[in-house]
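Protein sequences appear in the order of chains E and P.
Here this note's numbering is used: the first residue of the first sequence is 419, the next is one more, and so on.
Here this note's numbering is used: the first residue of the second sequence is 117, the next is one more, and so on.
No lab work stands behind these hints: they were computed from the structure.
Misleading hints may appear alongside valid ones.
To be verified - Calculated pairs, DSS-like style, for lysine-lysine (alpha carbon to alpha carbon, straight line, at most 25 Å):
hint, chain 1, residue 1, chain 2, residue 2
1, E, Lys483, E, Lys434
2, P, Lys333, E, Lys552
3, P, Lys333, E, Lys546
4, E, Lys505, P, Lys333
5, P, Lys333, E, Lys715
6, P, Lys333, E, Lys545
7, E, Lys505, E, Lys434
8, E, Lys546, E, Lys505
9, E, Lys505, E, Lys545
10, E, Lys614, E, Lys715
11, E, Lys715, E, Lys637
12, P, Lys333, E, Lys504
13, E, Lys715, E, Lys434
In this text, all values refer to a predicted model and were calculated from it rather than measured experimentally.
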Amino acid sequence: MSIVQLQNIRKVYDTKVAVEDLSFTIEPGTMFGLLGPNGSGKTSSIRMMIGITVPDSGSVSLFDKPFTRSVLGRVGYLPEERGLYKKMNVLDQLTFLGQLHGLSAAVASRRATLWCERLDIVEAIPKKTEDLSKGMQQKIQFIAALLHDPDLILMDEPFSGLDPVNAFLLMSTLVDLCSIGKAVIFSTHRMDQVEKFCNSIALIHRGHLILSGSMREIKSSYPRNRVLIHYEGDDAFLQNPCIENMSRYNGNVEIRLRPSATLADDAQSLLTQAIQHARVTRFEVMEPTLEEIFIEKVQETLPIKTGGKLSMAQLEQSSGGGHDA
Amino acid sequence: MHNVWLIARREYIERIRTRGFLVTTIMIPLILGGLIFSSVFVTSKSVSRAHIAIVSSDTQLALDLQSQLEPQPATSRANQTHYTIDPMGIGPDTRSIVDQELASGDLDGYLWITPAATPAQRPTFTFTPRSSEQDYLRGALASALGAVLLREQLAHRGIVASEADAMLQPIEIRAAQAIRRQDHASAEIGVFILFFLMYMVIMLYGMNVARSIIEEKTSRIFEVLLATIRPEEMMAGKILGVGSVGLTQVGIWLFAALLLSGKAIAPVVGFQGMHIELSGAQVVYFLVYFILGYAFYSSIAAGLGAMTNSEQELQQLNLFLVLPLIACMIVFPSVLANPDSALSRIFALIPPFTPLLMYLRVSLGHPTPWDIALSILLTSISIYAIVWVSSRIYRVGVLMYGKRPTLPELLRWLKYS
Numbered sequence: 419m420s421i422v423q424l425q426n427i428r429k430v431y432d433t434k435v436a437v438e439d440l441s442f443t444i445e446p447g448t449m450f451g452l453l454g455p456n457g458s459g460k461t462s463s464i465r466m467m468i469g470i471t472v473p474d475s476g477s478v479s480l481f482d483k484p485f486t487r488s489v490l491g492r493v494g495y496l497p498e499e500r501g502l503y504k505k506m507n508v509l510d511q512l513t514f515l516g517q518l519h520g521l522s523a524a525v526a527s528r529r530a531t532l533w534c535e536r537l538d539i540v541e542a543i544p545k546k547t548e549d550l551s552k553g554m555q556q557k558i559q560f561i562a563a564l565l566h567d568p569d570l571i572l573m574d575e576p577f578s579g580l581d582p583v584n585a586f587l588l589m590s591t592l593v594d595l596c597s598i599g600k601a602v603i604f605s606t607h608r609m610d611q612v613e614k615f616c617n618s619i620a621l622i623h624r625g626h627l628i629l630s631g632s633m634r635e636i637k638s639s640y641p642r643n644r645v646l647i648h649y650e651g652d653d654a655f656l657q658n659p660c661i662e663n664m665s666r667y668n669g670n671v672e673i674r675l676r677p678s679a680t681l682a683d684d685a686q687s688l689l690t691q692a693i694q695h696a697r698v699t700r701f702e703v704m705e706p707t708l709e710e711i712f713i714e715k716v717q718e719t720l721p722i723k724t725g726g727k728l729s730m731a732q733l734e735q736s737s738g739g740g741h742d743a
Numbered sequence: 117m118h119n120v121w122l123i124a125r126r127e128y129i130e131r132i133r134t135r136g137f138l139v140t141t142i143m144i145p146l147i148l149g150g151l152i153f154s155s156v157f158v159t160s161k162s163v164s165r166a167h168i169a170i171v172s173s174d175t176q177l178a179l180d181l182q183s184q185l186e187p188q189p190a191t192s193r194a195n196q197t198h199y200t201i202d203p204m205g206i207g208p209d210t211r212s213i214v215d216q217e218l219a220s221g222d223l224d225g226y227l228w229i230t231p232a233a234t235p236a237q238r239p240t241f242t243f244t245p246r247s248s249e250q251d252y253l254r255g256a257l258a259s260a261l262g263a264v265l266l267r268e269q270l271a272h273r274g275i276v277a278s279e280a281d282a283m284l285q286p287i288e289i290r291a292a293q294a295i296r297r298q299d300h301a302s303a304e305i306g307v308f309i310l311f312f313l314m315y316m317v318i319m320l321y322g323m324n325v326a327r328s329i330i331e332e333k334t335s336r337i338f339e340v341l342l343a344t345i346r347p348e349e350m351m352a353g354k355i356l357g358v359g360s361v362g363l364t365q366v367g368i369w370l371f372a373a374l375l376l377s378g379k380a381i382a383p384v385v386g387f388q389g390m391h392i393e394l395s396g397a398q399v400v401y402f403l404v405y406f407i408l409g410y411a412f413y414s415s416i417a418a419g420l421g422a423m424t425n426s427e428q429e430l431q432q433l434n435l436f437l438v439l440p441l442i443a444c445m446i447v448f449p450s451v452l453a454n455p456d457s458a459l460s461r462i463f464a465l466i467p468p469f470t471p472l473l474m475y476l477r478v479s480l481g482h483p484t485p486w487d488i489a490l491s492i493l494l495t496s497i498s499i500y501a502i503v504w505v506s507s508r509i510y511r512v513g514v515l516m517y518g519k520r521p522t523l524p525e526l527l528r529w530l531k532y533s
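Put together the whole structure using the sequences plus the hints.
Okay, here's the thing in structure tokens:
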């Protein structure tokens, strides 16, 4: 059983290709991260999953059936651009949105109150939405997406603009929902945010799927070829031939090892050599971050002439502006 | 349908609760009522006065004229010119005196009577008005002079003054009104009042629909809504919700007018014994065509709202909303004059005109049931088509950002689903 199944979907807006040949499957109980720089097609993909827009080609299946609007009652959606009726009272607003998702007024209002308690914003209940802080409004919107107890939860950039405490609160709420079998999809361009939580990811760039799969598999398929050393004293050990490139700041160096079959041993010999020359205060062999994997994949699939290391900022630029559709 | 109902109900409740609703409900009738009342009051109470000097060497003639023109207080009526006459003899500087008084505004004009050379001839009369505005006095003077000279002639032939007066009694034709005519006139006034009411409410609430759609776009709540409902449902809900607010307001006004019309307003507004009477059928037709007109114009407004991103942009486009209404005003007189002509029938079947012109025909003419059914059908179809197109534009438009779409872009949007 799969909650979401996308098959070769494609969407073109006028002349801009927003999504091209995108396929992936999401199982129940998955925390799925849809990752990519701004303008890479995350929002377009999410909109197509719930029929706000229809793909030009390819197929979308929700809950093992081709998409129909009748399943929308089982989907909760938090759009990237937050929107609430400003002049409306919070409880009325949540009740109204719950009713649109098929709840009765009484149930919607009771659940809204419970959720406000859970997210620690009871004091907001009698207020008008426009009188609330941005963060509180975001929590209200978050509640609105979950009020009808959806089996599929779509969150488009859910943590943007939240302080770390509240971001953690919302994240752990999502983790809880995931653990009781709901599928959660969220998109973000902050890859460091999701490394801890996602068990499955899809990386997209310029509408193309670059990488997808379970987080563990992806990480383990990449060699632990990065070494971080903090040292004092002579740096002659940095001449070691196993070093492919490095960036040095004062007293610490980030090394990328040359790919070879004996990578783990190379690191050990580098450590031995370093101890002989300098006082080492820290030595760590690290697995690549998601961001590094992403950049590497982008460089592989779409070779871009750049002087040195490609940064996320450059990627975002190369994705181009246009409408964020 | 449930979603349409939810959207409409939210829209209705939120709008009814606002202070703006209360203010317009009270202020618009007050302002309108005030305007009507004051204009009626002013026309009924205002009396035009004319101060005229009569320069004549024949003092008797001047005095006769004076008594002819200055009526007894008992016979004076409203809406009549009150004359003040100064008889003057001819002196060497009379001309300069009257000219001076004319210039200073004391006099509205003077009549200079030059005696005839021979008694058989009539004297020459020259009237000098202060400005062309006072030229109308010439007619009054001529008829007064005619009466005075006639009485003089009669006296010459030995007829007693009282008999002469009886002979010269002006003949008054009473304005009797045939029953049918009176119906027509009161219906005409009813149509006019309802026409302007409709016009105002359509303008007011049509724009509210557009605004409320723009508000949804700027607050960007539509994306949450679109994740569960169709844009058509949302459009329909908006139009219904805002429309019900309009109907509520008109209902309050009509109810208040009914309460007041029997006693306080009727004597003032009812022009000299003519009441505004509406038959039951007229009220039903009014409601039917009001709802059609409202739905038609507000669905156009909804489309305009879907195309624009801000109220300023909407202002530029609201010409499209006003234009059909203005066109309607232009053909209005020809339908009024001849409600059953072929031209009127055609005009009344054109959907933007139907609500107002067909209502006019129903009230004043004799449209066939076929005409009425066809007009309702055509308007309903066009409302459906407009809502359909608007919701397409809306669905694609809200998901796009930035500039207002060009016409080719709009046409392309219609193809997206």
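Right, here's what the structure says about each hint:
In summary, the hint linking Lys483(E) to Lys434(E) is not supported, as the alpha carbons are separated by about 29 Å, beyond the 25 Å threshold. Between the alpha carbons of Lys333(P) and Lys552(E) the distance comes to roughly 18 Å, so the proposed pair stays at or under 25 Å and holds. Annotation: proposed proximity of Lys333(P) to Lys546(E) holds, straight-line Cα distance about 19 Å (limit 25 Å). A C-alpha spacing of about 15 Å is found between Lys505(E) and Lys333(P), which places the hinted pair at or below 25 Å, so the restraint holds.
Simply put, Lys333(P) and Lys715(E) have alpha-carbon atoms about 38 Å apart, too far for the 25 Å limit, and the pair is violated. At roughly 23 Å between alpha-carbon atoms, Lys333(P) and Lys545(E) fall within 25 Å of each other, so this suggested pair holds. Straight-line distance between C-alpha atoms of Lys505(E) and Lys434(E) comes to about 37 Å, which puts the hinted pair past the 25 Å bound. Between Lys546(E) and Lys505(E) the CA atoms are separated by roughly 6 Å; this keeps the pair inside 25 Å, and the hint holds.
For the given pair, Lys505(E) sits about 10 Å from Lys545(E) by alpha-carbon distance, which is consistent with the 25 Å threshold. Note on Lys614(E) and Lys715(E): the hinted pairing holds, with a Cα-Cα distance of about 21 Å set against a maximum of 25 Å. The straight-line distance between the Cα atoms of Lys715(E) and Lys637(E) is roughly 13 Å, inside the 25 Å bound, and the hint therefore holds. Proposed proximity of Lys333(P) and Lys504(E) is supported: the alpha carbons are some 12 Å apart, at most 25 Å.
For a cut-off of 25 Å, the pair hint linking Lys715(E) to Lys434(E) stands: about 22 Å separates their Cα positions.
Checked against the numbered hints given earlier, this structure breaks hints 1, 5, 7; the rest are met.
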